[in-house]
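With the hints as your guide, set chain B onto chain A.
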Amino acid sequence: MSSDLDRSDKKYVKSFLFSMKLGTPVEKLHVLTKLALIFVLSAVSIFMFDLPPAKGGPDLVGLCLLLAAVVILLAMAGTTKYLFSSYLVMAVPVLAGEFLWWAVFNPSLPGPKADLLGFVLPISITSLEVAASKALGYAVMIYSAFLFLLTTRDSEIMGALLQLGFKFKQAFFLALTLRNLNTMMNDYESIRMAQEARSGVVKRGLFHKLIDLGYTSVPLIASMIRRSTEMGVALQARGFEEASSVTNFRETRGFSIADYATFLVLAALCVYTLVLGHSFTVLLGVHLS
Amino acid sequence: MRAIEVNDLWWRYPSYEGLETDYVLKGISFSVDRGEFFAVVGPSGAGKTTLCYALTGIIPTIFKIPQELLPSHMKGQVSVMGEDPSRRRRARVGLLLQDPENQFLRMDLLHEVSFGMQMMGLPQDEIEKRAKEALEIVGLGSLWHIADKVHPSELSGGQKQRVAIASFLAMTPDVLILDEPTSDLDPAGKLSVIQAIDEVHKEHDLTLVLVEHNPDVVLKFADRVLVLDEGRQVMIGSTADVYSRVDELSKHGIYLPEVSRMAWATGITYGGRVPFTVEEMERALSSAKLYPELPSTQETEDNESAVEVNALNFWYEDGTHALRGIDLKLQRQAFVALIGQNGSGKTTLARVVAGIYKKYEGTVRVMGHDLNDKRVRGVIHGLVGYVFQNPDNQIFTRSVHDEVAYGLRNMGLEEEEVEERIRQSLSEVGLLEKLDEDPMFLGKGEKRRLGLASVMAMRPPIIIVDEPTTGQDFRMSQDIMRLLALLNSRGTTVIAITHDMTLVAEYAKQVVAMAGGRVIYTGSTRDFFSNPANVSRAGVMAPGSVQLSYAMRRQEPGFPVLMNVAEWEAAIGREQMLTGESELNKA
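As they're listed, the protein sequences go chains A and B.
Our numbering applies: residue 1309 is where the first sequence begins, and numbers increase by one.
Our numbering applies: residue 69 is where the second sequence begins, and numbers increase by one.
Hints are computed from structural coordinates only; laboratory data are not their basis.
Using N, Cα and C, we set each Cβ at its ideal position, and we do this for glycine too.
Any given hint might turn out to be false.
Here are the simulated SDA-like cross-link-like pairs (lysine to any residue), alpha carbons at most 25 Å apart as the crow flies [as the list claims (entries may be wrong)]:
1. A:1477 with B:240
2. B:512 with A:1551
3. B:132 with A:1521
4. A:1517 with B:427
5. A:1477 with B:189
6. A:1363 with A:1351
7. A:1322 with B:388
8. A:1319 with B:384
9. A:1336 with B:196
10. B:200 with A:1389
11. B:319 with B:345
12. B:512 with A:1503
13. A:1389 with B:381
14. A:1336 with A:1557
15. B:442 with A:1521
16. A:1322 with A:1336
17. B:427 with A:1396
18. A:1477 with B:216
19. B:397 with B:372
20. B:442 with A:1514
21. A:1477 with B:160
22. B:426 with A:1518
23. B:132 with A:1478
24. A:1336 with B:215
25. A:1329 with B:210
26. B:94 with B:514
27. A:1389 with B:429
28. B:200 with A:1544
29. B:132 with A:1536
Now the stretches of chain A that chain B is said to cover, found in silico as 3 or more residues with beta-carbon under 8 Å [what the hints assert, rightly or not]:
30. 1423-1431
31. 1535-1541
Excised from the complex, chain A in its bound form:
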């Protein structure tokens, strides 16, 4: 599908997963800042959905704010509209499942029963709050992981690991593994098309579709083995094995004002929630029950 590339400017670059627009605020962030973002948001999400009743119960408002922040950052990452919307949509059934799981298996937490248009449900409002908070919390984690993969490249990971004191070869192998996510996705797409071309005319039920999914593992694994063998050859041919002193070349980069600002916001969030144990729901005086 590709024709010769010879552009004077370039607006998009490939990331671990698909591509991102150059010059967006998220693209400019240091990879360690993005990692910190994932860890802090995940930790705060866990804190928020695990808040005990004494502290006001699950912090639904806080979780909604975190989710809004991550979705805004995802939108700002400049990935294509189709990808952005499809990833948002793809996560919905998972999160709905998560919500139902918690609601159904924790139905009798203390508190009044939920009332839906006059029909009293056998589930307490507290149970629904817990279920909603879990779904929102995991959404924050999923989307922040997407954010990282959609806006990060191998040289950034390598640079960050080198700055943290890792050896070049260790950093390279971790980056290589992540880099191959993209290749694997392309392989899977080709295999899926080849499978569909021989899908015949029989209406496929869910069970058969699952079996078909299993069949794709045969060519996928074979292609991964073939690729890894050739990569081994490529590494050998470029002197990887005998390399003793490796030069770091344009891999590391410094922190910008945007990085420091992000760290400041994350630190404030940590202090407010993890250290002081406050809840945004309580702060804003929102009462759901």
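Chain B in isolation, oriented as in the chain A frame:
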């Protein structure tokens, strides 16, 4: 000075099943001088890639064979620039494999080209200087300012190969080994990449070892050639000496220039050997009066269309406008070649027609059914069979039998019919005796034939084959094309996407040429090749037979376009019959 010396080299791969495997290289001995352009040719399974691995020290190093067991796997000596390549201290040998995609290690051009230099521990400014120079040498200097932003997968096939070459050139190797580096490229891309390599070879006194099927490339660029078959060295010598031995090369399944094949068949010589180029053949025929006769063309009675496309537009998710307002009508039972340069839209069009790409603008009718109709989409795979380019990506089961059965069972056929169809299709592709084998362990050509058998068994009225002969040796290519011709003679509409114009001229009845997402020609193959402007607009290279016809036209304007060896053989044969022992051989 000798750059490479190989003396009685034997090698067999370690077996992980406890069984001893056969030797893959059997007593290979040759040497390559410094600055020489040395070619290696041979059919699939000849041991060409294994030899490349031995020259770079990848074997035995990569297998970590214990020292005491090494003699049972490797015998003989290999020396590159005076040292054992498996114990080299400096990276002096570059190896470029067939698929550059699998060799890319980084996510941007700059780091890809720099990787080897980073391993060498060069200073940063030296890396930057050399990377820039290497990209300029391979003609990609214009990408330098965005080199840190361009992912290798965003490049065209030719550009990828150039990047892979640049990454080795930057390391200033003494020897560069290229294992079929251009097999996936269109003819123009292939020529430009080899040209770039040759320029570097001449300017930097680089020793080159090139594994290549294409005889025109070998004859044009290489000084000497080594012929391998089944691990044995069967010929070595200057390219002219080796390619003069047409009979022997044919026996080993080596590709020969078309003009050499036609000269061999008719006994024509040039300077005491068969001609290698169109120019040589033209000179050999200059004093002759030829009697070309075109085969009679059969009008197709069935005017119903197999495929009808109107105002078709297609965009990829990243916004690339791949098909731009295509109108096309292909008749039933046609043998169509879909041709054009890499990126012209051939595969995209074929995938829309096969119902694989579903989001498009316009109308596509297949065997009279509109693909916009959801009910048709449910049955499209019974109407169009699609054989993908990479056979490894379409093998889903662990036995040849089950592989063919996979599509048939999806069609809901009775087991009895499934078995009957499996046997018939495997017998037609010559794989019936491999019924119970694991397809993953079949050879490259066998996998390709299995892919075709799996689709053939479903008996769709239309079969689309994507690059059926890429990376195949001469015999395999001919086998596959004959099989497609057989299917076509039985009434199947065959659409073959290919870069091989020799096969197009020999087998296809109709050509659809594409450029820049548009169809620029549709009509008979002979009409396509009869007008050199068509060939040039499609960015393809006319096969030797056609080029020779163009050359003859310069002397005799009404000379018809003869498209293949058989037609030339007939024309020259008639001349010989009419003039007795002709004057051709005096040329």
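Practice problem: Would you check chain B against the segment 1423-1431 of chain A, counting CB to CB pairs closer than 8 Å, and say if three or more residues qualify? | Solution: Contact hint for the segment 1423-1431 of chain A vs chain B: violated, 0 residues under 8 Å.
Quiz prompt | Given hint residue 1521 (chain A) paired with residue 132 (chain B) - CA-CA distance at most 25 Å | solution = Judged against 25 Å, a Cα distance of about 36 Å means the pair is violated.
Practice problem: For the pair supplied as a hint, residue 1322 (chain A) and residue 1336 (chain A), confirm whether the alpha-carbon distance does not exceed 25 Å. | Solution: holds (15 Å)
Exercise. Would you mind confirming whether the straight-line C-alpha gap from residue 427 (chain B) to residue 1396 (chain A) stays at or under 25 Å?
Key: Answer holds: residue 427 (chain B) to residue 1396 (chain A) is near 21 Å, not above 25 Å.
Quiz item: Does the alpha-carbon distance linking residue 512 (chain B) and residue 1503 (chain A) stay inside the 25 Å limit?
Solution: The hint holds at about 20 Å.
Practice problem: Could you grab the alpha-carbon distance between residue 200 (chain B) and residue 1544 (chain A) and see if it respects the 25 Å cut-off? | Solution: holds (23 Å)
Quiz prompt | Pair hint residue 442 (chain B) and residue 1514 (chain A), alpha-carbon separation not exceeding 25 Å | solution = holds (19 Å)
Practice problem: Below or equal to 25 Å on CA atoms is what counts here, so check residue 1336 (chain A) against residue 196 (chain B). | Solution: Within the cut-off at roughly 23 Å; holds.
Self-check item: Straight-line alpha-carbon gap residue 426 (chain B) to residue 1518 (chain A), limit 25 Å
Solution: holds (22 Å)
Self-check item: Agreement of residue 1517 (chain A) and residue 427 (chain B) with the hint, judged by alpha carbon distance not exceeding 25 Å
Solution: Holds, because 22 Å separates the two Cα atoms, which is no more than 25 Å.
Quiz item: Does the structure keep residue 1477 (chain A) and residue 160 (chain B) at a Cα separation of 25 Å or less?
Solution: holds (21 Å)
Quiz item: Is the Cα-Cα distance between residue 1329 (chain A) and residue 210 (chain B) 25 Å or less?
Solution: Status holds; Cα separation ~21 Å.
In this structure, the earlier hints numbered 2, 3, 10 and 30 are contradicted, and the remaining ones agree with it.
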